[in-house]
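Dock chain B against chain A, hints included.
Sequence lines, in order, name chains A and B.
Under this note's numbering, the first residue of the first sequence is numbered 1, with each subsequent residue one higher.
Under this note's numbering, the first residue of the second sequence is numbered 409, with each subsequent residue one higher.
Careful: at least some of the hints might be erroneous.
[To be verified] Mimicking BS3-like on lysine-lysine, the simulated pairs with C-alpha atoms at most 25 Å apart in a straight line are:
#	chain 1	residue 1	chain 2	residue 2
1	B	Lys709	A	Lys76
2	A	Lys387	A	Lys406
3	B	Lys622	A	Lys75
4	A	Lys75	B	Lys528
5	A	Lys113	B	Lys691
6	A	Lys113	B	Lys609
7	B	Lys627	B	Lys709
8	A	Lys37	B	Lys900
9	B	Lys916	B	Lys864
10	B	Lys916	B	Lys886
11	B	Lys900	B	Lys887
12	B	Lys622	B	Lys872
13	A	Lys366	A	Lys400
14	B	Lys830	B	Lys624
15	B	Lys624	B	Lys528
16	A	Lys247	A	Lys192
[Unchecked claim] Derived coverage of chain B by chain A (criterion: at least 3 residues anywhere in the stretch with Cβ under 8 Å from a Cβ of chain A; other residues may be distant):
#	region
17	493-499
18	568-574
Source of the hints: derived by calculation from the structure; they are not laboratory data.
No experiment lies behind these values; they were computed from the predicted model shown.
Positions of the beta carbon are idealized from the N, C-alpha and C atoms, including for glycine.
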Amino acid sequence: MKKFQLFILLLGLAGSICSFAYIQKSEEAQAEVLTEKSTFQAGEAIQLNFKITGVENLKLYLHHSFGSTLLTESKKENNRFTFQLPELFSRKTGALTWVLLSESEQLLSGILKIVPATSTKTQLETYLGPRSIVAGYEDFSMLVVSPTDVYDNPLPDSTEVLIFKQYKNTISEFKVFTENLMAWRNMMSEPKSGIMQISSEVNGTSSKEFTSNIYPSNATDFQISFDRNHEYADGNQLTEFSTSIIKDEFKNIIADGTMVEFLITTEENHLLKTYASTINGIAKAKMLHPDAPQTWKIKAYIPGVAESNSINLTYESILEDFPVKFSAENRKITVGPLLSFMGQLIPDGAQVKLLIYHDGELIETKQKTSSKGMVEFQLAKEFYPEKSYSFQLKALGITKEIRERKYE
Amino acid sequence: MSKKLNKNLYRALLIVTFVAVNGLIIWGISSVLAYLNTGADRSTMLHAEVINSKIYTPKINWDISAVEGRPMEKPTLQEIEDDYLKSWYVRNNSYKTNNTHGIADFYTDNARVNLHEIIKLNEAQNISIEATTLHHSPKVEFYSADGQLVVLTDEEVVEYQKVYQNEKLVTIQEDTSAYQVMMLLEDGFWRIRHLVKIPSKIKKDSVQTSSEIKIKGKKLYKNGKPFIVKGINYYPQDSPWDMFGDDFDTLVIQKDFQLIKNQGLNSVRIFIQYEDFGKAEVKPEKLKKLKKVLDIAEESKLKVVVTLFDFYGDYSVLDWTLTHRHAEAIVSSVKNHPAILAWDLKNEPDLDFESRGKENVLAWLSHLITQIKEVDQQHLLTVGWSTPDQAHLLSEKLDLVSFHYYKDLSDLEEDYSTLNEKVNKPLVLQEFGATSYDGLWNLWSNSEEAQAEYHKKMQAFLEKEQLAFMSWTLYDFKKIPTDVVGRLPWRKARQKHFGFINSRGNLKLSSNYMSY
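Only chain A is shown next, with the shape it has when bound in the complex (with noise of 0.2 Å):
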């Protein structure tokens, strides 16, 4: 009879201990989600409600867009658990993973869907670039707009986007949606420069304005003339080459400042340059005279953009002759007075060279400048000291041969 009793008591407690084992993993298995709603509009406050039995210290992993953290009960009442989101979850729009943890056992897992909060004012952030464009129809700028809301968040696609656009006397309007964060649309150029100003709105809310400058588009070629105080080679005026007004292909004036190279070829084939910047699309570049008679053709040229016609200047010789002297025993050469197409003496500076031979064979050029119409040479002995010597005279274009003079 003990023995049966005894049979009777561990039998119930060994009942006790498996009913214990059971209620404890049946308890285990029961966590449930009790918030049905999974999309949230941003900035709308969230609240996780669970049911869970049998398991402590539960924590609530959450994973945005921005970051992770973790969550204790903001709330616990007998079975159920309220776990608030924090402000900066809940106002961020995208896919909000949570996972609720007991002791890092993962319970269960879930995603919310959290949407742009389409009713609250709408943010806009506008970006315009490049704002300079040249005229014509196929450079452009580029509007982009990204509206968001309170939260900072973008807008979702599709949302309407109206973008306007001011040139001269017209307003036109346009539509777009967005798509991918933002909305956007190239706000072409038109054939005449000027200024073109943009703006949007999105659901009632404007941009700023945003000024393109439409410039004028590249030159096309032109037509070339010359000035000058007159036609004579003296080393000394100027000739001023000048454009005509240079435009682009839609009679726009071309941007001021645009570079012009005049390129001038002489009869030796050798160049010379000169270089101008538009003003009104008149470019004016200057160049000394020859001093000795010449003929040039003048061509210029936008480098790699446009060039001008040729055209052909032809300077006159300033005289027929010189006189030349020989004094202190023929050591002393005097060149000179010259004298300008008046008879007047030429300006200070004019080159006369002297070469000097003998037996043929030269032996020494010098070269001096005149001054008040007259050069010097001088032929010291020491160093010349043959008995005698040839020579050739050269000046503005002239040269002028002298035969052979005897020395002592």
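Same frame as chain A, but now just chain B:
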């Protein structure tokens, strides 16, 4: 006389003091001037020194096939990639340390507020998050005409996060999401303006295996015939633990491999040291040497188990992407080589469980498996566990289960059968051996005879079980690097004598029992 001496002494002292005081004053003034002349270094001004290029290298695949707005230029894409990855790096770093260093460079004013607030929240709760991203697939959706704004959809961001609270690990989360990103070019930095996490649409293809060597049940088959790995762990005699160093000599390796083949073996196991191969930027000259070794193995008709990450021991989450690039570079460069039998991810990683945390090591390994499988689906993967007790770990993800055995042979049968029941993959006894060291440190207690006896018994057991094996090792070594067994002379002395061939190059008695 003495008075005069005294006077001179005073004089000398005065002069010396005068000179010293003047020297001090000049030194003082000059250091003040020097201090005032130090201004902001240009590099610090531009934050160029904050992050240099190779500290964060997740896998990134760009898609620029359908860019709206303006075509994407390669140099710009490179800049965007740099800054985009850095934005993830500084973000991960900030969540780990809860300070905002570097955030300002990669997030615009409006965007960084969000990060600052979450960091503040986490700091208050004493939460720290160790995170890394392993994979990015950004698609450029839009690039503005003025080159100042870009919109990406990063369609596959694989994030791995370890969340700690009060310095205790709370959870490990792995997540694959997509992100929509708007970036602006502001004073030379591409900065994040908008970041919106969206559900990922990408579904991964299942991995397929195709190789000369196939697994059926617990056996390996080569071209349809059963294949039992009979191999040896190999280092050249003169350069142990430095096979690919300056002493690399193909003639030596050729001779050794021929010898191994002649001893009736069919495979070798070799080791690649992580730092030696150049970490994340694998050195091409090392890869060349590796290819040469594989070529020689192929000539000698030997299969090769390549052990990666030897001497690596960091495992920290922010270091992961670097190790991934290391493995990727090595695996992809030789994955088509016919000599390769298997990749051994790491030698005895279980020895790092205590110092680095079991969780860390296992998580690192399991992600490494994913990374390598992405590059090479042909070859077998294994991990060389140091004991049979640990060898069941990760066996579901691996193709071969490898274990090492240096304990007494009497327990081998039991240990083996326990493991064999636990796992459902082919087994390889990947390291075993006995030292023939006979000297002061073990009181002349071992001998070549004892070593031979050990191998005889072992081979008998292996034959009975038809178990794949790789013995340790071909040679007695003259020098053992400190990294292997530490500095203690009795350990080093023991380690020197595991070979089948002694230091004079003669076969030891044990060489009669190299295979069955």
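Each hint tested on the structure:
Our distance criterion of 25 Å between C-alpha atoms is broken by Lys709 (chain B) and Lys76 (chain A), whose separation comes to about 69 Å. As the CA atoms of Lys387 (chain A) and Lys406 (chain A) are separated by approximately 6 Å, the hinted pair is consistent with the 25 Å bound. Distance check on the hinted pair: Lys622 (chain B) and Lys75 (chain A) sit about 57 Å apart at the alpha-carbon level, beyond 25 Å; violated. Distance check on the hinted pair: Lys75 (chain A) and Lys528 (chain B) sit about 23 Å apart at the alpha-carbon level, within 25 Å; holds.
The hinted pair formed by Lys113 (chain A) and Lys691 (chain B) fails the criterion: a straight-line CA distance of about 46 Å is larger than 25 Å. At most 25 Å may separate the alpha-carbon atoms for a hinted pair to count; Lys113 (chain A) and Lys609 (chain B) meet this at roughly 15 Å. Distance hint between Lys627 (chain B) and Lys709 (chain B) is fulfilled; the C-alpha atoms sit about 21 Å from each other, no more than 25 Å. Between Lys37 (chain A) and Lys900 (chain B), the direct Cα distance comes to roughly 66 Å. Violation of the 25 Å bound is thereby established for this hinted pair.
A threshold of 25 Å between alpha carbons decides the hint, and for Lys916 (chain B) with Lys864 (chain B) the separation of about 13 Å falls inside it, so the pair holds. Distance restraint check for Lys916 (chain B) and Lys886 (chain B): the Cα-Cα separation of roughly 16 Å lies within the 25 Å cut-off, and the hinted pair is therefore satisfied. With a CA separation close to 8 Å, the supplied pair Lys900 (chain B) and Lys887 (chain B) stays within the 25 Å bound. Of the supplied pair hints, the one linking Lys622 (chain B) and Lys872 (chain B) holds, its CA atoms being roughly 23 Å apart against a limit of 25 Å.
Annotation: proposed proximity of Lys366 (chain A) to Lys400 (chain A) holds, straight-line Cα distance about 15 Å (limit 25 Å). Proposed proximity of Lys830 (chain B) and Lys624 (chain B) is supported: the alpha carbons are some 17 Å apart, at most 25 Å. Between the alpha carbons of Lys624 (chain B) and Lys528 (chain B) the distance comes to roughly 55 Å, so the proposed pair goes past 25 Å and is violated. With a CA separation close to 11 Å, the supplied pair Lys247 (chain A) and Lys192 (chain A) stays within the 25 Å bound.
Note: the region 493-499 of chain B has 1 residues with beta-carbon separation from chain A under 8 Å; the three-residue rule is not met and the coverage is violated. Counting residues of the region 568-574 of chain B whose beta carbon lies closer than 8 Å to any beta carbon of chain A gives 3, which meets the minimum of three for the stated coverage.
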